[in-house]
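Chemist: Here is what each chain is made of, one letter per residue.
There are 2 protein chains.
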Amino acid sequence: MLPITQSQIPSNIIDLGAGEPHQSVFPLEMIRRAAEERFAQGDTSFLQYGIEQGDGYFRLALARFLTRGYGLPANPESIFVTAGISSALDLLCTLFTQSGDTIFVEETTYFVAPRIFADHHLNIIPIAIDENGLIIESLEENLKRFKPKFIYTIPIHHNPTGSTLTKARRTRLIELSQGFDFLILADEVYQLLTYAGNPPTPFAAYIENEHVISLGSFSKILAPGLRLGWIQAHAKIIKRLVTSGLLDSGGGMNPFTSAIIRGVIESGDLEKHVNHLIETYRPRLQIMNSLLRQHIPNITYTPPQGGYFFWLHLPEHLNAIELRQQAKSFHVDFRQGALFSSTGAAQNCIRLCFAHYDESHIEQGILRLKACLAGN
Amino acid sequence: MLPITQSQIPSNIIDLGAGEPHQSVFPLEMIRRAAEERFAQGDTSFLQYGIEQGDGYFRLALARFLTRGYGLPANPESIFVTAGISSALDLLCTLFTQSGDTIFVEETTYFVAPRIFADHHLNIIPIAIDENGLIIESLEENLKRFKPKFIYTIPIHHNPTGSTLTKARRTRLIELSQGFDFLILADEVYQLLTYAGNPPTPFAAYIENEHVISLGSFSKILAPGLRLGWIQAHAKIIKRLVTSGLLDSGGGMNPFTSAIIRGVIESGDLEKHVNHLIETYRPRLQIMNSLLRQHIPNITYTPPQGGYFFWLHLPEHLNAIELRQQAKSFHVDFRQGALFSSTGAAQNCIRLCFAHYDESHIEQGILRLKACLAGN
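Same order as they appear, the protein sequences are chains U and B.
Residue numbers for the first sequence follow this note's numbering, so the first one is 1 and each next one is one higher.
Residue numbers for the second sequence follow this note's numbering, so the first one is 1 and each next one is one higher.
For reference, chain U alone in the conformation it holds in the complex (with noise of 0.2 Å):
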């Protein structure tokens, strides 16, 4: 067997640490309609240069789709087409930071993307967030001291910790980015996955100010495979992006994919797939809830309304990478918190995910985690 997936969980592992969608998940049946129905349809536009903005049509079905989905308008004029969050993030740093520049991500944050900040040879400072998304104290602090380029922030169903920034929070940030002059780099990526409440208008709904790009991508609500996501942003940074060497060189990011994609989106097999989705999630999380409180002692966390992680603040003493090593012989894995850190903090946190698994697996998993943790 040659490899084709980035991540392979031996089988005999409960990998309650994985982030990624199960490939049972991957509605395979409605993308192939819709790939079907765009080779029937005999152009072949979709295999030429795209537009660097990217393919028209596909701009206004998500346009629409995210109409819906978001509960405001959104414009296809507005809507940058990326390879996913990863390629804007790093689309981004080309183009609005220079070597030794300095952002600012979350502590904790979502550990790989500082590491495509690092490439770029950026001056990483984290600041705090707790339950309730960053902290606006302690961006204000750094403020003082620092001239970031940009913010990136997960503002929604956070990962690993699953807090939401609240809406009080959001308009302090957006005030602070027009007054200190940095770009939010918004990661919406669980925007449309709440599974409880109502989650907070996304930041798409604020770029008529130039200071703030929304990110959004089909790796959670459809596929990763695919490598299509988007850009939501002032008419000024999409300029910036449609002119630049890389798009100019290779027209639009993603064409071929963008086209079929387009046909689950118009078919309204999307919508229905995300209601699934979150259908799929939803007693996955709750199961995971009452699990942990039932069988898990000594622990503290906020229950997240949506997303895919649990974070679980453990007592202090415990060291969850010293735990990762004997989790192995009960057959149950999770990630450790300093993981997500940029300062080697969150030594007793670890990141849960339920939505990998069913709720038959997640109760195994927890129950080997319990064991696990017996001996501690």
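Simulated from the structure, these hints should not be mistaken for laboratory data.
A couple of the hints might just be wrong.
In silico DSSO-like pairs for lysine-lysine, Cα to Cα no more than 30 Å straight-line [what the hints assert, rightly or not]:
1. B:K239 x B:K147
2. U:K149 x U:K167
3. U:K149 x U:K236
4. U:K147 x U:K239
5. U:K149 x U:K239
6. U:K328 x B:K239
7. U:K239 x B:K328
8. U:K149 x B:K149
9. U:K272 x U:K147
Just a few of them, taken from the derived set where beta-carbon distance is under 8 Å, the chain B residues facing chain U [stated by the list, open to error]:
10. T5
11. I9
12. P10
13. S45
14. A63
15. S86
16. D90
17. F96
18. Q98
19. H121
20. P224
21. T257
22. P297
23. P315
Think of the CB as a built atom: it goes at the ideal place given N, C-alpha and C, for glycine as much as any other residue.
With the hints as your guide, set chain B onto chain U.
Modeler: Positioned in the frame of chain U, the structure of chain B alone reads:
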């Protein structure tokens, strides 16, 4: 009509400058069949985050194809799958340079590559070329004054000049890259599109040397909208690519598309299609050559042996930018040489593409160009 493709030529214009394949050559049916088969397998691996280096089965198929096409053994372990040459150049800039570093390009060169380098805030030094490619003496001269991180070269059927780097110069360039410790980014996109004679051994044959990176793409041999290409390089270079933040975060660059195109390679369709392209483009080159000799006096050029382009030197007193203005009223277009120069040179040169149009359009276009030039 919403925009889908990057370039849209008005229907009353024959644009002899257009450097993209014509949509009529894209093998829609071959790709449709491969997609149908991939979906019919029922395996959703290609929708998951892909392995960083690129799908193992795709790399195996590509290695076998390149082994035949390049006439030398290609190893799947030495291949890294990209989203096209533009994305490859962008990633290489991120990983191997910092803002302010110096790099070398050919004078003249494919005009959008330097725009990618400029976005990375690199200091771009032009190195002269002639009808045998890069002039080694010019390179040596500049190596006395600058310490480049890399040289970007198009060593075969050069864009825009059509020239091919001789074997002796290749050997010398590789020696210099070792002696002066810079990378060679060899854009070999036209290696497989040779219509006369035998092409020199590609740089892909020399990747046991850590300084040599060969860039390939499906844009000219299959379809640019796929955003699919490859890098062949030493294990140390491959390792740096696969451990980058971008790949760690998003997984392989194009798992969905590469899984489909794998079928086009494995069936033998890609090889058939490349042979078909060669048989299609060879007579177009020949007819453009004979029409130029017959109808356009007072020009000098070296006929290309492959690729896409003729590079014409008009009489010294002519300015190609002004000529392009006049050409509008003759319903013909081309590219002025200055577009490919980072020094504002080549004012009296123009680039024509013989690959885009069929023979009758080429004849029409050359006759219009003749009429346009007649007044000058």
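Chemist: Hint by hint, which ones does the structure fall short of?
Modeler: 9, 11, 12, 14, 17, 22, 23
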